[in-house]
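Chain by chain, the residues run as shown.
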Amino acid sequence: MASLISTADQQKLRDAFSEMTRKVHLVFFTQTIGCETCLQTRQILDELPLLSDKIAIDEVNFVLEKEKAQRYGIDRVPAIALAYDDEAGEAQDTRIRFLGAPAGYEFISLVQAVLLAGGRPSTLKSGTKERLAEVDKPVTMQVFTTPT
Amino acid sequence: MALSSPHITAYAVEATEFPDLARRYQVNGVPKTVVNETVEIMGALPEDMYVEQAIGQFTARATP
Numbered sequence: 007m008a009s010l011i012s013t014a015d016q017q018k019l020r021d022a023f024s025e026m027t028r029k030v031h032l033v034f035f036t037q038t039i040g041c042e043t044c045l046q047t048r049q050i051l052d053e054l055p056l057l058s059d060k061i062a063i064d065e066v067n068f069v070l071e072k073e074k075a076q077r078y079g080i081d082r083v084p085a086i087a088l089a090y091d092d093e094a095g096e097a098q099d100t101r102i103r104f105l106g107a108p109a110g111y112e113f114i115s116l117v118q119a120v121l122l123a124g125g126r127p128s129t130l131k132s133g134t135k136e137r138l139a140e141v142d143k144p145v146t147m148q149v150f151t152t153p154t
Numbered sequence: 489m490a491l492s493s494p495h496i497t498a499y500a501v502e503a504t505e506f507p508d509l510a511r512r513y514q515v516n517g518v519p520k521t522v523v524n525e526t527v528e529i530m531g532a533l534p535e536d537m538y539v540e541q542a543i544g545q546f547t548a549r550a551t552p
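Heads up: the sequence lines are chains A and B, in that order.
To convert, count from 1 in the first sequence and add 6; that's the working numbering.
To convert, count from 1 in the second sequence and add 488; that's the working numbering.
Just chain A, with the same shape it has in the complex (with noise of 0.2 angstroms):
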């Protein structure tokens, strides 16, 4: 199957990928039926392990491994969640999520997601991250956007 992606961009995401230092795993939920967008979000999904040996997709099967979609807080498919590898081996939860396919401009989303998992700096600011350092409570972001 041809790729979704023009083969200048795959090149430019090659080289965003190339500056990546931790790997990065794209948690994927889904499930056989009843999910009418998984196959187009395996689909898209599918591209980025191509761009970087970095990347790699762990598919989970929401029906069949509960306990892990439990463990990622995942009460929906599709699901996307990020976790990286630190200097120990370990898998860290990034607690970033996407439900529903990324197309469209939520692709650029999940391809900055993957850059920040991957070790790349927050473009956040100091007072920002000061700020967010004071959190002290649960804090559920849900950020609703439309392909378009």
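It is worth saying that the hints were derived from the structure and are not from the lab.
Idealized CB from N, CA, C, for every residue including glycine.
Capping the alpha-carbon separation at 25 angstroms, the derived lysine to aspartate or glutamate pairs in DMTMM-like fashion look like this:
| # | chain 1 | residue 1 | chain 2 | residue 2 |
| --- | --- | --- | --- | --- |
| 1 | A | K143 | B | D536 |
| 2 | B | K520 | A | E42 |
| 3 | A | K143 | B | E535 |
| 4 | A | K72 | B | D508 |
Simulated coverage check for chain B against chain A, where a stretch passes if three residues somewhere in it have a Cβ under 8 angstroms from a Cβ of chain A:
| # | segment |
| --- | --- |
| 5 | 495 to 501 |
| 6 | 504 to 510 |
| 7 | 520 to 534 |
Put chain B on the given structure of chain A with help from the hints.
For chain B alone, kept in the frame of chain A given last:
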């Protein structure tokens, strides 16, 4: 933000695929941010404003 605080989990939700969520949070325009089911932020804001509105009330030091 999720990477900057162990307390924060961030979900990017594709509204057209999950109409039940879009209905629950009355998503009529995007982007729309919902924090802890209670704080709603419409559109894209400058970083300082966005962060403060999103997490200001969930910090040890209350918003000045």
